[in-house]
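Work out the full structure: start from the sequences and follow the hints.
Residue numbers (our numbering), protein chains in the order written: chain A, 233 to 378; chain B, 41 to 482; chain C, 3 to 162.
Derived from the structure by calculation, the hints contain no laboratory data. The reader is advised that the hints may include incorrect statements.
A few chain C residues that face chain A, going by a derived Cβ cut-off under 7 angstroms, partial list only [unchecked claim]:
#1 Y138
#2 G140
#3 R153
#4 K154
Note that CB positions come from ideal geometry on N, CA and C, so glycine has one too.
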Amino acid sequence: MLGWGRKFSLFQYPFITACCGMEYMSVACAHYDLDRFGMGWTRFTPRQADMLLVVGTISHKEAPVLRTVYDQMTEPKWVVAFGACAVSGGIYDNYAVVQGIDRIIPVDVYIPGCPPRPETIINALIKLQKKIQKEGHEWRFQRKKS
Amino acid sequence: MKYRIQQEAREGTMLINMGPSHPAMHGTTRVMLELDGEKIINCELEMGYLHRGFEKICENKTFFNMLIYTDRMNYVSPLINNTGYVMTLEKMLGIEAPERAQYIRVILNEFSRVCDHLTALAAMCMECGAFTVFLYMMKAREYIWDLMEQTTGARMTTSFIRVGGVRSDFPSDWKKTTRIAIDETRKVLKDCHGLMSKNKIFLNRTRDVAIVTSELAINYGWTGPCLRSTGVNYDVRKAFPYLVYDQLDFEIPLGERGDNFDRYMVRMQEMEQSLRMVEQCMAKIPRPSSSSEPVTKGLEPAEAIKASRTKKPEERIKLSPNLEGTEKEKYPGILSGKKYIVPPKEDTYTNIEGLISHFKLFMSGHGIRPPKGEAYFAVEGGSGELGFYIISDGTDKPYRLHLRAPCLHIVAALEEIVRGNYLADIIPTFGSMNMIGGELDR
Amino acid sequence: MAISKEKILEDLKQKFSDNILDMTVQFGDDIIHIKKEALLDIVNFLKEDPYAFTMLLDLTCVDYQGEEERFEMVYHLFSLSLNQRLRFKARLQQNDCKIVSLTPIFKNANWLEREVYDMFGVHFAGHPYLRRLFMYDGFEGHPLRKDYPLRKQQPKIHLR
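Now the structure itself:
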């Protein structure tokens, strides 16, 4: 029951940096609507969000900022790595780019693609909803390892 | 080292940080402000949060590989970046694309420019509070991306423009899709004009805010719509015409005061001019060298390779669907320049010359090798003069590739022009400058 | 009154004959090699009417590792009234990579020179705030130099 309530009212915090932001904008707007899944309301502050969407490339200069934002979010929280650059550094294998955000924060769903198509994104978010449904109450009694 | 704003801070003022992850920061820049009440006294901008090492990667990848990285620079108008890079290489190699390919390039460039302006204005209006305008403009952008997807295969990061022409021809029903895109965009522009251009709230927020004189703009190296909003008539398409722009009839909208509202209006008018240019190109484009229907009955590629061992096969070869538009008959219209283009797949499968040219283009050590020297070429990007400066040392990897990013010069002026305004004025100012993180930080 | 490109080049050659090392044309672009000491004078000369080269289009640097004069500064100037672009190049020694800053004349030189300092390590005399632009404070090294490997990992810094 709790899972049902949580999964259909996700407050997302889109941490947008780069090109995938354009695909995020088109998936959130009228054509491929995210609002029908309950994720329409973007909360632009981590304190009120429970889903962190890391969209785009994370450079080494940005990494402490991402970590701070993740730490500021309250439990329960889920992280979606959106786009090839967030998943694994993408096409940028060099001194300036973090090779995947799972080096910094734990990730729940990975969305590959450069940029991913809107249908891929919706598929991934439905998978996340299934995962939330299965999770249940255990988070109250367990400390989440970061 | 302390920030400049910390070093210059006065007594009794408040230092506030609009951090890197901020909804109005269009990605990732950090603005540090010194406030006296609500008025801004000092401002410092820190960027570099999206630095991906583009120029360093260039020195390790071949010219052909670099094409995909250029897409991701100004990611709202990727085809213009492709065009700039490829035309610099064509300048060094001394080849020119066929006429139909030039028209295809111009059509896609102008649509990319429309996408750029739509995104910029949608973000600016959304941050001022007009969420409906954002949704309408995104809807228009989807129709344009439909055409891009049917032609190039991808919605955004296309890598479509190649040295010597374009990768493939338009599909057979492109005129219908283009017509829909133009009509829907015009409808959206009319709606948005009605919602914003005479809206008292929007005018109060943007009129006479962050005024920039033309001398200041030239001193800062501004180009593009922001420079034209101050009244200076400089457009790379008219000053140094490239592709077929000298045969098209279009106007350059100019502003008067150089405030936020002028930058908004210049972009709205430019979109209308771009749509006019696309309509002219649709009428003037030369006919394709063959019909646009893909081959449905013919040899499979594997059979064709086997059959060609004895003699040249007479039947046509049925290529895979994602090679649609690149049949051999289309080539005179879309690609030219023997050594530097991917040969048609029919040649690669059936005869040895095609196979060797394919091999020589893609193997490391061979490939596109411009003569030793350097060249600078500029195209009109969505934010201004997008210049590529390539130094080649005769090998297949660039020695140095530098991008003249128009956003850098425009955003560098932010620190000076917001002084004296209120805190809430930063939002429309930053939005009207159209900062794209990928281009700013490379 | 429009002045032709040849007249501009000839005037430059006449006035700064001992500071201009070479004038070439490559792929249709004009390149003028100068000594680094003369940069400020030449830019001030061209900024006035009738040449009116009032816009600094670009400022960058190239690393020729292995040669004695390792760094080469490249300046692109543009004149709106004459519709002309010119490219100036000045060589710097490896152990003396300093050049005068153009910030008093062009305001965008501020950020462009910070970028060159960040990526190559060239110092600009007279720059009001020479600080890294792209990389974070505490980054060691200058990435675009040829001896900096592409995938080098930096030592970890503390979470601020």
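Now the hints, each set against the structure:
{"no.": "1", "hint": "Y138", "in the structure": "holds, 4 angstroms"}
{"no.": "2", "hint": "G140", "in the structure": "violated, 10 angstroms"}
{"no.": "3", "hint": "R153", "in the structure": "holds, 6 angstroms"}
{"no.": "4", "hint": "K154", "in the structure": "holds, 5 angstroms"}
Checked against the numbered hints given earlier, the structure breaks only hint 2 and satisfies all the rest.
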